[in-house]
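Sequences are here, hints too, so could you generate the full structure?
Each residue of the sequence shown is one higher than the one before, counting from 1 in full-length UniProt numbering.
Worth flagging that the hints you see were computed from the coordinates, not collected in a lab.
Even for Gly, the Cβ is constructed at its ideal location relative to N, Cα and C.
One or more of the hints may lead you astray.
[Said to hold, decoys possible] DEER-style ranges, computed between Cβ atoms: (1) R167 <-> K190: 14 to 22 angstroms; (2) S22 <-> L185: 36 to 44 angstroms; (3) P79 <-> R167: 31 to 39 angstroms; (4) A50 <-> R167: 16 to 24 angstroms; (5) R64 <-> S104: 32 to 40 angstroms; (6) L185 <-> G154: 20 to 28 angstroms; (7) D116 <-> R152: 46 to 54 angstroms; (8) L37 <-> I183: 20 to 28 angstroms; (9) P78 <-> P187: 13 to 21 angstroms.
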Amino acid sequence: MYNHYSAPIPAVRSHSWEEVYSVSIAENNEPLVPLSLVPEKILVRSAYFAAGIGGALPECYARRSVFEKLLLAAEMLPPDLRMVVLDGWRSPQVQTVLFQRCRSALARANPQADEDELHALTQQYVARPGFDASAPSPHVTGGAVDLTLATRSGRQLFFGSPFDYPRDISYTRHLEERLERGIALQPEEKEALSNRRLLYGVMVRAGFVNYSCEWWHFEYGTQRWALKKGEDFAVYGPSRVCLNPFESFEKK
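Rendered as structure tokens:
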């Protein structure tokens, strides 16, 4: 168990998507960069490419400042730990597939939910797909990353729920709230809480904000980041990875 950052995860206000999307964007045109270039600090395991989702890439990308802040957060970790990035920038195609898959899973688990309830529930875990440049999914901007931690011997730390698990146990403060209600945690829950505090602590200190429904999801430069930080505007709008080195010539 790691106690380098053992402070409780604070309760913070959750913002609706309407509030998030009301923030204006002043795009700074920062490039997307691959996240696998410093493997001694950050490992990349592209979860959706591994799952065979069409359009997902084997590399994970994010904006350059996001990469720099990930390196800063990695420096704060105990020396036997590394970050494991599972996802960063997403294409609208991948975002659409994930939204549809999550909605289908939640529909099966909540057969009594009507269309509006199901849509709202799905948006707790996957931002709605869309092509409105003023209201992009955080991942489509390249300003969001999903990550976990692993030891240098290859053991992934336990966080209490799997990545992308659409249940309350995945809420960042779920275990904190159990403690606050006077519920005694089991040893494995204490381990998960310690690991969540560690990940949250280093990421927030590096300048990220967390999405409260997902312990693994952090953002920088996005509309949610601007809202939580009290900034006047976000600096990242929709972006895309270009893997064609001749594209600029072909457009002329």
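Hint by hint, here is what the structure shows:
{"no.": "1", "hint": "R167 <-> K190: 14 to 22 angstroms", "verdict": "holds, 19 angstroms"}
{"no.": "2", "hint": "S22 <-> L185: 36 to 44 angstroms", "verdict": "holds, 38 angstroms"}
{"no.": "3", "hint": "P79 <-> R167: 31 to 39 angstroms", "verdict": "holds, 33 angstroms"}
{"no.": "4", "hint": "A50 <-> R167: 16 to 24 angstroms", "verdict": "holds, 22 angstroms"}
{"no.": "5", "hint": "R64 <-> S104: 32 to 40 angstroms", "verdict": "holds, 35 angstroms"}
{"no.": "6", "hint": "L185 <-> G154: 20 to 28 angstroms", "verdict": "holds, 27 angstroms"}
{"no.": "7", "hint": "D116 <-> R152: 46 to 54 angstroms", "verdict": "holds, 47 angstroms"}
{"no.": "8", "hint": "L37 <-> I183: 20 to 28 angstroms", "verdict": "violated, 43 angstroms"}
{"no.": "9", "hint": "P78 <-> P187: 13 to 21 angstroms", "verdict": "holds, 20 angstroms"}
In summary, the structure is inconsistent with hint 8 from the numbered list given earlier, while agreeing with all the others.
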